[in-house]
Amino acid sequence: MHPRLALVSFKDSTELQERVVEELTRLCARPPEFWSPRHLSLLACCNHAAALGAKAAVIQRRVQDSDFLAEFNAYYSRQFAHVGQHCVRIHFFREPAPRRISVLKYLDRRKVPSSYLGFITLRPVSQTPVGGSIIGDKSAPEFVRCADEFPVHLAGVELSVRGTPFMQQDNAVGACAQAAIWMALRTVRKREGTRAHDPAQITDAATRFSVTSRILPNRAGLTLLQMIEAVRSAGYSPHPITFGDANFSFGTTLTGVQLARAARVLHAYVESAIPTLLVLYPAGGGHAVVVIGHTFNSDPIQINDLSLSLSRGVAIKVIHAVSWVPNFIIHNDNSGPYLLLDRDTAGGNYALDQTFAAIPLLPADVFLTGEEALSFALNLWASVIERTTEQMTFEETAAFSEQFVIRLLLLDKSKIRRWAARSDISPEVRRHLRLQDLPRRVWVLELHLKDHYSKHGQENAASLVGFILLDSTGDDARSAMLMIFLNLPAFTPHQNGSLIVASSVKWTAVQTTKCAPVQPFRDLD
Amino acid sequence: MTLAKLLLETAQGQVKERTISPDEVKAITREISERVTPDIEEIREQQRRALEDTKPVVLL
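As given, the protein sequences belong to chains A and B, one line each in that order.
Here this note's numbering is used: the first residue of the first sequence is 1, the next is one more, and so on.
Here this note's numbering is used: the first residue of the second sequence is 1, the next is one more, and so on.
Hints are computed from structural coordinates only; laboratory data are not their basis.
Certain hints may be false.
[To be verified] Derived Cβ-Cβ restraints for the label pairs, each shown as a range:
id, chain 1, residue 1, chain 2, residue 2, range
1, A, S160, B, E41, 26 to 36 Å
2, A, R434, B, E34, 29 to 39 Å
3, A, P493, B, K16, 16 to 26 Å
[To be verified] Some chain A residues well away from chain B (every beta-carbon gap over 10 Å; in silico):
id, residue
4, L5
5, A6
6, T25
7, V63
8, S77
9, V83
10, K105
11, P113
12, P151
13, D204
14, G235
15, P300
16, V318
17, A364
18, L449
19, S454
Glycine is no exception: its CB is placed at the ideal position from the N, C-alpha and C atoms.
So that you can see chain B by itself, here it is in the shape it has in the complex (with noise of 0.2 Å):
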């Protein structure tokens, strides 16, 4: 499961509202974590080695 194809057929379902199982909840978890880690991991990074290179400039 992942959590596009949970929206979708949540729409084109017959069933109005529901609790999604703990399996499949890890699933979707999973397939987010491992889209979006890699990516603020990143962000992360390049934060450290930006500070690390500021300059003391003083701003007048």
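In isolation and in its complexed conformation, chain A is listed as follows (with noise of 0.2 Å):
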């Protein structure tokens, strides 16, 4: 018997996947030649995990993982033909491992817990062989919003991995549907305190009212009312929202009007560490993937903006911050994680024009969705503008309506109120935003200055100038606004700012004392 924990190095991607070809080898009791593509996402994995700087990795055997324990217990114990039970996990550490010293005394050097990289599983499924793995997100200069710290305890030791949980589906107790929507109950389990299910968990709540064929193996995948329903089951508001039309069907891309729009809409989502599934009609076939976070240019190859109408007849740009956002980052099941999703199918890979529909981890205790919240917000926004430029030619109100961003998250109060005890935002607004009542959680439509707005690549660059917050479990247009702030000075030639705060209570006015722009809410998180 192999010990149940080993110590290998390995100086680049080629030798760490030679080392894991080999223990899946020995753990599946099956040479390569019986393997197949699936293991895109393995070999993925393993260029990540290089990629981060993995030089060694601890080999931990005869690990009982629960989710493959539910794909064992579902599925394969049913099997005449032997699948074990226990899987092998790979522990990726960016810390050298001297020559021929044991793995304790390795685990017990002061810098090797500080270069944990994260882990892979690995199933005794030679096809499908990545179980639920977590390996950090530290090299992307990218914005990777949708993670959390995950402990690891190995022989004593207390590690840490900050990342995005990512697995591979089995092709039999879960297709990539149940995948995705593994990866997102499991990134955002520890922060909602709700159910992350297994995968036959999954499987089940998906087809527990509608089933289009086989549950065992479930070789069919989900529709999307049968993720909407395993989405609902483990606790979260199930929100659909389309971007194709009702013609839209595989191998169709969405117009240039609907690629905009869901762009926009999936943004807040994320910023908000919001995971999204996607549901893809790419040519071969529907798919699911998992949205995450998404890069950041500085310097924007096309603006995307929304048209408002003012009462005088003006039309108006107000730029969205996804103007700043080439790719969004997926973890994608069956080629593995922290993957940039391409706008077009013009590279041949999936893309985001192939989106009939999102379904966004919405908490069950939001009710103002992002593109209602979004769209109060403009409407406020526009009424400003309308007010501010009243004596302005139509070429001065569009300049000064196009000097601005508008970003929308949905964010915590308790990270308000962080915020504000932190920011150099006037002192009036700090006082009132760590008094004031609020709800568990409130949309944020940031309003940005332009020219400071594409430094956020590489610095947290000060360019907030004011903001208005929605109750996100207001759906009455009488009621959701809670505050609205803007930083006059900062953008005209106004002395003061100026603050409404509205309560069921009472409204109050109060005029603010000046002061630069400043960091935007999540920056000083």
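With the hints as a guide, dock the two chains, each given alone in a separate frame, to form the complex.
Written as structure tokens, this is what we have:
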């Protein structure tokens, strides 16, 4: 019997892959000729670990992985041919392993825990070996918004990895839809304190009321409605958002307008750290992935803006923050973690313009959706622009409007208060944000100066000059506004800013002290 | 009174902080409602229509 823990060193991804394949061959008792192209995910995980700087790995054998045990109990234990119930975990470290050092001595070295990069779990299923895995997101200059810190215990050493859980479908208990749902649920489990079903539970929940094919093996996948039910059963508000029209089918793509809307809608949820399931209709058949972040380009190639009509017949454009986002970052169970989703299908890969629908894991206590919140806040912003620019010409009004960038995100009130306590915002705003009654979650429409916003790629730029806070539990236009702040001296000749605080008890108007643009809410988190 | 007018008057005025009268609140909330409600209703209507049209496509 091989030892429970073993230490291996490798110099690059190729060598790492050889060691992993060797371990998988032993685990599955099947040589590589039985394997399939589905190993793309495994190789992508190895590449990602190597790109993070992994130089050593601890192989942990005979692991009772709860997700695979669920798959085993539901399916593999009922097969005549032997399938083991144990998994192998490969833990990656940046700290090189000296020659001939024992695994315990290596783990006890001072620098080793801080060089931990995460793990992959190998199932004893040679066709689809990547079980529940978490590899760090630290190498990416991109913004992986949907991630968490996960504790790992190994031979008495406490380790920690920040990342987004990843899993490959096993093509028996679950297909791509179940894998995407599992990744999304597992990412937010700690933060939301909700259930994170294992793959078997996801399949059970999804097929509880509607069945289209065999449940086990579940090779036919899930429909959109079954995915919605699985999300609901895990305690989230099922909110499917469609982007394509009724004629949208395999191989068709979104129009430019539809694609721009899809990007704006997704951006709000991803910025809110809400993993969002995407239902793609590529030519080859339906597929599901989960969006977990985005890249940032300080020089937008294409501006994504919204047109607003002012009552005096002037149409203005409002620039959306997604203009600075060339790609969303996805976990794609059949090709790997932390991948860029192309905007269009020209590259031959999965792309955003194949997206028929999205399902964000919207917390059940959020009644105002991101789309509604954006519309609400934009209407308020339009009324401000209308009043502020009433003496201006059409050209001046357009130029005034286009100096701003808007960004929408859902934040916990604790984060808002923490931001207020640390921010250089006007003291009056700070005081009200820290003392005002707020619902647990608040939609925040941030107003940024465009010239400053472009700097967010390199640093936490001070670009925020105003915000609108909306009650995420409110679905009535009369009561959803909580607060609006404009740091007018930052973009008008006014000497003071203005804050309106709205509550069910009373409304307060507060003149605010002049201050420079400040860092946005999330950056001081 | 409108929300935008209140914001600008507050910034330019001599009073540092004041409670807005119930009549002013009523006028502002009515203005907000008239501006916002039609668009929100349109979003909800589109959402309902879109789901009615959804085909039962399987995701693999």
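Evaluation of the provided hints:
1. A:S160 with B:E41: 26 to 36 Å: Violated, at about 47 Å.
2. A:R434 with B:E34: 29 to 39 Å: Holds: the Cβ-Cβ distance is about 33 Å, inside 29 to 39 Å.
3. A:P493 with B:K16: 16 to 26 Å: holds, 20 Å
4. L5: The claim holds: L5 of chain A sits with its nearest Cβ about 37 Å from chain B, beyond 10 Å.
5. A6: At roughly 36 Å from the nearest Cβ of chain B, A6 of chain A sits farther out than 10 Å, so the non-interface label holds.
6. T25: Since the minimum Cβ distance to chain B is about 27 Å, T25 of chain A lies beyond 10 Å and the statement holds.
7. V63: holds, 28 Å
8. S77: holds, 25 Å
9. V83: With a cut-off of 10 Å, V83 of chain A remains clear of chain B, as the shortest Cβ separation is near 22 Å.
10. K105: At about 47 Å from chain B, K105 of chain A clears the 10 Å cut-off, so the statement holds.
11. P113: holds, 40 Å
12. P151: Holds, since 33 Å exceeds 10 Å.
13. D204: The claim holds: D204 of chain A sits with its nearest Cβ about 17 Å from chain B, beyond 10 Å.
14. G235: Answer for G235 of chain A: holds, closest chain B Cβ roughly 21 Å.
15. P300: holds, 26 Å
16. V318: At roughly 14 Å from the nearest Cβ of chain B, V318 of chain A sits farther out than 10 Å, so the non-interface label holds.
17. A364: A364 of chain A clear of chain B: closest Cβ-Cβ about 18 Å, beyond 10 Å.
18. L449: holds, 18 Å
19. S454: holds, 27 Å
The structure fails to meet hint 1 from the earlier list, while all remaining hints are met.
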